[in-house]
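Enquirer: With chain A's structure known, arrange chain B on it following the hints.
Protein sequence lines correspond, in order, to chains A and B. Residues 1 to 143 (the working numbering) are what the first sequence spells out, left to right. Residues 1001 to 1365 (the working numbering) are what the second sequence spells out, left to right.
Accuracy of the hints is not assured; some may be wrong.
Unchecked claim - Here are the simulated lysine-lysine pairs, DSSO-like style, with alpha carbons at most 27 Å apart:
hint: 1; chain 1: A; residue 1: K123; chain 2: A; residue 2: K62
hint: 2; chain 1: A; residue 1: K62; chain 2: B; residue 2: K1274
hint: 3; chain 1: B; residue 1: K1228; chain 2: B; residue 2: K1216
hint: 4; chain 1: A; residue 1: K49; chain 2: A; residue 2: K62
hint: 5; chain 1: B; residue 1: K1216; chain 2: B; residue 2: K1031
hint: 6; chain 1: B; residue 1: K1365; chain 2: A; residue 2: K123
hint: 7; chain 1: B; residue 1: K1274; chain 2: A; residue 2: K59
hint: 8; chain 1: B; residue 1: K1031; chain 2: B; residue 2: K1235
hint: 9; chain 1: B; residue 1: K1235; chain 2: B; residue 2: K1216
Honestly, the hints are just simulated from the structure, not real lab data.
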Amino acid sequence: MITERRNLIRTLLGGGFVASLAAFLYPVIRFMNPPSVSEASVNEVPGGKIQDLKPNSGKIVKFGNRPVLLVRVSETEWRAFSAVCTHLNCTVQYQEQRRQIWCACHNGFYDLNGNVVSGPPPKALDEYVARVRGDEVVISRRA
Amino acid sequence: MEGAKANTGGLSGWLEERLGLSAIREFLAHKTVPVHSGTMWYYFGGITLFLFVIQVLTGILLLLYYRPTTTEAYESVQFIVTRVQFGWLVRSIHSWSANLMIFTAMVHMFSVVFLRSYRRPREVTWLSGIALLCLALGFGFSGYLLPWNTISYFATKVGTDMAASLPGIGPALARFLRGGEDVGGATLTRFFGFHVAVLPGLTTVLLLVHLILVQKQGISSPPWVERKFQAQGGKAPQMPFFPNFFLREMMAWYAALAVLGSLAAIFPWELGEKADPFASAPAGIRPEWYFLAPFYTLKLIPSHVAFLEGELLGLLGFGLLAVFWILLPFWATNRQGMERTRLVTGAGVALLAYLATFSLLGYYK
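Pulled out of the complex, with its shape left as it was, chain A reads as follows (with noise of 0.2 Å):
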């Protein structure tokens, strides 16, 4: 009897001493995973003048929060991508001398169809669509 009692004491305090921790746990776990907050939809942005980049060259722009890369790639080519290597997420960058986009971070190239040339980048670039209306470059997402 005294042993059941016993046990039966020992199960209540286990019990209530897990359930506790658990009740304490749960609401610290739920704290630490961040909110999702959601992503101002932006579908197109501006890229400068087009005075302002010279054939061969390229320039980081903000596309609502994600980093776009425009290439000027001759007087009247213009080509966008997703500045965010597919590798490790370094923001990539245009090398003149190669024609090519290149990531310091791991050195992955990539040519200016966002294609992988060489180095550890597992995918192509995701490809923006650049359009020149009057003077200025517009940055749209691919329908």
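Expert: Same frame as chain A, but now just chain B:
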């Protein structure tokens, strides 16, 4: 009896009655350290602890001025190094001692391997030491971002993206580390919290466990020293911990302090340029020296190997290597209780050679 105790020895008697210091004196009087050709390697654990104390003290000083937001972090560190008296020195000591601490912790770890100090019954001491080394690397990784400069920004992007590529928990882990989808203000606040509260708390507990275990089990003699003296029918020579070893250890601390002070004064830690999330990663970017070997390995692995992405393959390789190394005390002895001496030495030398070679290649290439 109580009255008699209270009346002995004035202040020391008063303290004795309240603190029981004679038990500590008694313990120290009997604690010994083995004397052999490798005794010098025993100092590195103490030097690591000494550098940790310096980290805590200089970290507290930096906290007086540092502000953990993306708009103020860089400027507050700039203020510390340019306007605050001796600010440049305090920050330089904090950064240099962090690097030296990881270096001495690694020396300590490899000395434990080569002197065979991980053997039974010290497996838990080894595991707590490895956990402390991981925490030290965590301190390094989280503290690196705090000045919010270009190099630290991209190092954190790469580091958290490596976590993201782990199968299963990867994306959730990366979100937890970053405090959101990408490295930004939330990451800085989080890393600051990890660096000044979470990691110090965990380290203090583990450090106590590690030190209590070292005290409980005593300092290990290498098996060849034990065998040599057992064959002669005697015991391996020992020196008293206090004062003999303790005074030598203090000399080692002074030497460490001299190296640290010289490095901090002659090569003040650079601040670099403020991070710009919309700028390209600059050429020549690389992480701290202790992450160079995996950094260079990831650079070498092609984008795909068979059906696996190179990045994932690299992470799986590092993970397997880490598990193999952590479990060293458990595979270092075979089922018959015989030590796999050659295998342990080979693994130690191979790991050391890999770390040294790939770190140098990562630095110069």
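Enquirer: Next step is simple, just say for each hint if it's right about the structure.
Expert: Hints versus structure:
1. A:K123 to A:K62: Judged against 27 Å, a Cα distance of about 22 Å means the pair holds.
2. A:K62 to B:K1274: Between K62 (chain A) and K1274 (chain B) the Cα gap is close to 18 Å, so the pair holds against 27 Å.
3. B:K1228 to B:K1216: Holds, at roughly 25 Å.
4. A:K49 to A:K62: The given pair, whose Cα atoms are some 15 Å apart, holds under the 27 Å limit.
5. B:K1216 to B:K1031: Measuring from Cα to Cα gives roughly 10 Å; hence the hint holds.
6. B:K1365 to A:K123: holds (24 Å)
7. B:K1274 to A:K59: Between K1274 (chain B) and K59 (chain A) the Cα gap is close to 19 Å, so the pair holds against 27 Å.
8. B:K1031 to B:K1235: holds (15 Å)
9. B:K1235 to B:K1216: holds (20 Å)
Hint compliance for this structure: no hint is broken.
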